[in-house]
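Chemist: Given next are the chains, with one letter for each unit.
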Amino acid sequence: MYGLGVLKGLWVTIKNFTLSYFTRKRLTTVQYPEERITLSEHARTFPILVYDESPDKLRCVACEICAKECPPKCISIVRAQDEAGKPLKQPKFFDIDYSVCMNCGICEEVCPFDSIYMDRQFELSAYERSEEFLYTKDRLAKSAEYFSKIRPETAKKVEEKRKAKEK
Amino acid sequence: MHIPIDHILVFTSILFLIGLYGALSRRNAVGILISIEIMLNAVNVNFIAFSRSFASSPESGQIFVMFAIVLAAATAAVGLAIVLNIYRNQKTIYTDEIHLLKW
Amino acid sequence: MLNTIDQIFIKAKQIILDILSPFLPEWMMILISIFIVIVTLCVFGPVVMMYLTLLERKFIGRMQNRYGPNRCGIFGLLQPLSDGIKMFTKEDIVPQKADPFAHFLGPITVIIPSLLVFSVIPFGRNMIPSDLSIGILFFFAVASTSTLWIFTAAWGSRNKFSLLGGMRAVAQMVSYEIPMLLSIVPALLVVGSFSTVAIVNAQEGLQWFVFTPWGLVGFILFFLTGVAEVNRCPFDLPEGESEIIAGFHTEYSGMKFALFYMAEYMNAFSVSALVTTVYLGGWQGPILPSWLWFFAKTFVLISIMMWFRGTFPRMRVDQLMGFAWRGLLPLAFINLLAAALWVHLSFPLNDILSFCILTVSVLMIYVANRKVAPKKRIYKYAYE
Amino acid sequence: MTLFQFLATTAFYAAMLGILIAAALCVTVRNLFHSAVFLAFTLIGIAMLYFFLQAEFIAAMQILLYVGAIMTLIVFAVMLTSRMGNPAVPQSFKNKKIVFLPLGLVGFILISAILKTPWETSEPQTAVNAVTLGKALMNQYVFPFEVVSLVLLVALIGAIVIARSE
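Chains as they are written, first to last, in our numbering: chain X, 25 to 191; chain U, 736 to 838; chain G, 4 to 387; chain E, 1294 to 1459.
Calculated directly from the structure, the hints in this document are not laboratory data. In this text the structure is predicted, and so the values were computed from the model without any measurement. Among these hints, one or two may not hold up.
Said to hold, decoys possible - Lysine-lysine pairs mimicking DSBU-like chemistry, simulated, CA-CA at most 35 Å apart: (1) K49(X) with K383(G); (2) K163(G) with K39(X); (3) K187(X) with K92(X); (4) K161(X) with K181(X); (5) K39(X) with K379(G); (6) K826(U) with K163(G); (7) K173(X) with K161(X); (8) K61(G) with K49(X); (9) K39(X) with K61(G); (10) K1389(E) with K100(G); (11) K826(U) with K100(G); (12) K32(X) with K100(G); (13) K187(X) with K97(X); (14) K1387(E) with K163(G); (15) K32(X) with K378(G); (16) K826(U) with K1389(E); (17) K1390(E) with K826(U); (18) K1387(E) with K826(U); (19) K191(X) with K113(X); (20) K92(X) with K181(X); (21) K379(G) with K32(X); (22) K100(G) with K1428(E); (23) K1390(E) with K100(G); (24) K32(X) with K374(G).
Model the full assembly from the supplied sequences, consistent with the hints where possible.
Modeler: Shown next as structure tokens:
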């Protein structure tokens, strides 16, 4: 009948309205600063560098594959050199411009040494756009425990792979 | 609230003259129709002013004004329809440019 | 005791007058009493509008499984205040090509009818700002001018979208004005006078007009046309955000837009107030004080309007026009006939007769307007 | 002459002045849309005059019919015929000064006639409300009432036929 659709529509909205006062789960909104939704395992925001023991011994060997692969070219690496000028297997400077990074996660996929991974920190507001968003090596470095805390499965896989490689 | 009637009559005649001036001096057909509306209204005010001091049937003035308003609506409708038709055919509604007897 | 609560506002005004009377001359007192009524109306209008916006946002929020605004104030109660401040401080941009006179005139002249209209609505027992002998007619006369002012606003902003919105607004309001006027006439027929106070007095106790057959149809008719006249949800083509940005008030920002916004909500309030006055018995009600009855009924009607807004998509222009001319107008004429019969016949017969006339006519209009599926066309040569 | 009589008469004369100004503006302003808006102001002013002259029903009818309906017609006509506002074209005849001659003549005759005749200012009757109007319309003026509805029907059909685009 012509008018039934109208009545059904009215019934649905008034049902939503009345029941929203009784069952809390109908209301989907999350009061953001107070409550937080739990991020899923594969949430990714900005890349971080992982180290095992201390922040200056990063897993990264400055091979610059991630810098080449990065679509917006926001990673810049300078290889470290010892006194004699021989290049070493670690970066002297490793800067990621967070304001340019588009959180694509390609650097995480291409890194052969499991050193660069995507963090899930998204509250990174700053007053100054240019300097504060240029993350240097020490600000990027995060411990392996932190990494395994935020991404348990991938950390487990990476650990097995590394152990297999060491044997 | 006693307003001497000749004050109202002077006012309506001035209003009528303003409408007449508009009708005579405007080139735009719609402008002329607007001025005719002013003249009609001036006459209506006269009716209402007189109808108050009519002993026999005081409401006759007001009824006449109602008929006048209705007929003004009818004339406005037909007049504007004609103006639209002229505009569609001649692309202009300036009265001095409409001088072809047929289009 | 109940009578004191009922007349509480009248007594308050009387108290103020008594305080002031020894100091001021007699003629000043009359001006003061008029002035008090005007000030309360001018304060009451915007305040009602502010809290209607909040009520609407919370009501529709809850319908869409989310909270309404609850950040400013305890339950979002200060939200209208913050909206007001935002509207004040927003920059008021006038487009360079706009016609300054019409653009400036738009919001002023749109707000005047929506404020003037409050002077005729009876808020409670002898709580009517000015009891005109042509109450209802004054309401419609003033409400019908808003068509022209909306068009001045649309024409003044010299912008294709607002012109479209303006033309849609004029077409819609003109075609919904006739059913609106005709849906009122049965009530006037029964009461025999235009004044709103007489209409409310005629609905003594619980004999509201809505309980008579023609009253129910008239109520539905008047409510639907009222929603259309106020450009609210199912009929809000003039400011259809999706297709013509914001319709006639596209080029307005800051306080001018706030005036349009305020005029819309005040019109919604005054139309639902008039529907309660004519069909739901105004402030007539068994125990509660009269003004409480009036505001309760008006807010029920306003929440129904908001309920419409939460549910219905916008109507297409041809559906809108078809609904007015093919649906509401014939029903209004027949409702007039049924009401006339109802008045002239005795009790048992008149209800039955008018009831059957109306049900038959509603079904006939419904059948006449049903879309007939085109017959299946057989292409003779295609099949050989 | 109580204060209210004084207030009412000054308001009446102020309304009259306002109407004259609005009408003068409506007739002389170049932009056609502005003259339509000023016409609306004159019509509302005249409705206020009717309120003062205790013709409330006519005032409401004036606003409802004139400003609500006829003004919409005029505004639509203005919109459809003007090329999106180019007031560059002169809106009035070049030799419009000549118009003042007949106007002055007619005005002089009219106003002098008005001022000379002694209007018998009888006490105004009781206010005519909608009820007596309705009764008169239905009893005494029922024939013109029907004829006017016929005229409206004819005008309606005529306007549609003329303005209909082929």
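Chemist: Given the hint that K1390(E) pairs with K100(G), does the C-alpha gap stay at or below 35 Å?
Modeler: Given that 35 Å is the threshold and the Cα spacing comes to 33 Å, the pair holds.
Chemist: Is the straight-line distance between the alpha-carbon of K1390(E) and that of K826(U) 35 Å or less?
Modeler: holds (28 Å)
Chemist: Tell me if the straight-line CA distance from K49(X) to K383(G) falls inside 35 Å.
Modeler: Distance ~61 Å between K49(X) and K383(G) Cα, so the pair is violated.
Chemist: For the pair we were handed, K39(X) and K61(G), check the Cα-Cα distance against 35 Å.
Modeler: Answer holds: K39(X) to K61(G) is near 15 Å, not above 35 Å.
Chemist: Within 35 Å, alpha carbon to alpha carbon, are K1389(E) and K100(G)?
Modeler: holds (31 Å)
Chemist: Run the distance test for K92(X) versus K181(X): straight-line Cα separation, threshold 35 Å.
Modeler: Distance ~26 Å between K92(X) and K181(X) Cα, so the pair holds.
Chemist: Take a quick look at whether K187(X) and K97(X) sit within 35 Å of each other, Cα to Cα.
Modeler: Within the cut-off at roughly 32 Å; holds.
Chemist: Is the hinted pair K100(G) and K1428(E) satisfied, with a Cα-Cα distance of at most 35 Å?
Modeler: violated (53 Å)
Chemist: Next pair to validate is K191(X) with K113(X); report whether the Cα-Cα distance is within 35 Å.
Modeler: holds (21 Å)
Chemist: Is the hinted pair K173(X) and K161(X) satisfied, with a Cα-Cα distance of at most 35 Å?
Modeler: holds (21 Å)
Chemist: For the pair supplied as a hint, K826(U) and K100(G), confirm whether the alpha-carbon distance does not exceed 35 Å.
Modeler: holds (25 Å)
Chemist: Is the straight-line distance between the alpha-carbon of K32(X) and that of K100(G) 35 Å or less?
Modeler: With a Cα-Cα distance of about 47 Å, the restraint between K32(X) and K100(G) is violated, given a limit of 35 Å.
The earlier numbered hints that this structure contradicts are 1, 2, 5, 12 and 22.
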